[in-house]
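So the sequence lines, in the order shown, correspond to chains D and Y.
Quick note on my numbering: the first sequence kicks off at 32 and runs consecutively.
Quick note on my numbering: the second sequence kicks off at 149 and runs consecutively.
For the record, the hints were derived by calculation from the structure and aren't laboratory data.
Careful: at least some of the hints might be erroneous.
[Stated by the list, open to error] Sample of chain D residues facing chain Y (criterion: CB under 7 Å; computed from the structure): (1) G74; (2) L133; (3) F135; (4) G136; (5) E137.
[Said to hold, decoys possible] Quick list of the computed label-pair ranges, beta carbon to beta carbon: (6) Y:E163 / D:S98: 43 to 53 Å; (7) Y:P260 / D:Q93: 40 to 50 Å; (8) D:G83 / Y:Q242: 18 to 28 Å; (9) D:V82 / Y:Y187: 21 to 31 Å; (10) D:G58 / Y:G209: 20 to 30 Å.
Think of the CB as a built atom: it goes at the ideal place given N, C-alpha and C, for glycine as much as any other residue.
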Amino acid sequence: SQTIHQWPATLVQPVGSPLSLECTVEGTSNPNLYWYRQAAGRGLQLLFYSVGIGQISSEVPQNLSASRPQDRQFILSSKKLLLSDSGFYLCAWRRTGTTGELFFGEGSRLTVL
Amino acid sequence: GNSVTQMEGPVTLSEEAFLTINCTYTATGYPSLFWYVQYPGEGLQLLLKATKADDKGSNKGFEATYRKETTSFHLEKGSVQVSDSAVYFCALSQAAGNMLTFGGGTRLMVKP
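Model the full structure from these sequences, guided by the hints.
Here it is as C-alpha cells:
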C-alpha cells in the first residue's frame, strides 16, 4: 500500500530564517506531488505541483520554492521566512495520468515569530 | 475555469441531527467529485467520491449523489455524532489538468 509522510510536524521559526519541509511517498512510482498551504481558519491554497523529477510548477508567486530531487521526494523551502508564511502545510500525491483523488500527508504546522 | 462553491460555516448541530452540506460546481464535461474531511490538526482524508452522473458515494454513514442536472454534490448524514466535528471540503477533478479544485471548506460542530 501507498503511504505519504511529511516532517517536521511542528516548526517554530524566527522571521528571516530558512525553511525546509520534506515529504516522501512510498509504495508508488512517478506520482504527481503537491504542496498546499492552509492559513488559520481558511481554505486550501495550492503552492506547487510536480509531475516528475526536477519539474516544478508554481501557482503563487512568493518567497517559497519547491524541489523534487528524487521521484518520491518533494521539498518546500524558503531562504528567509516572513510572518505571513505561518500556516499549515500539506503535501499530497496522486497517481500520474488519472483524475482520481489526492492523498494527503499529516501536515506540518509552521509558526513564524 | 473550474470552481467549487460550498455553504459557509460553521454549521452547528446537536448530536443525532440530520446533516446537509451543500456543494455546487462549475466545470465543463464530466468531472469526478470528492468530499474530504479534515479533523483538527490533521491532514485531509478522502471521505467519498463519485466519478459519473447519478453515482452515489458513501462512507461512514455519509452520502453524496453526483447530480449533473443541478451541478451539485451535497453531503448528507442521517444522524451526526460529536466525532463528526471537522472541516469538510468538496472538490472536483477533470481529465485536463493535474489538479483538484477545492471549495472553501465547511466547519461542522456537533454538540452533545
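> What are the numbers of the hints that this structure violates, sorted from low to high?
Replying inline: No numbers; nothing is violated.
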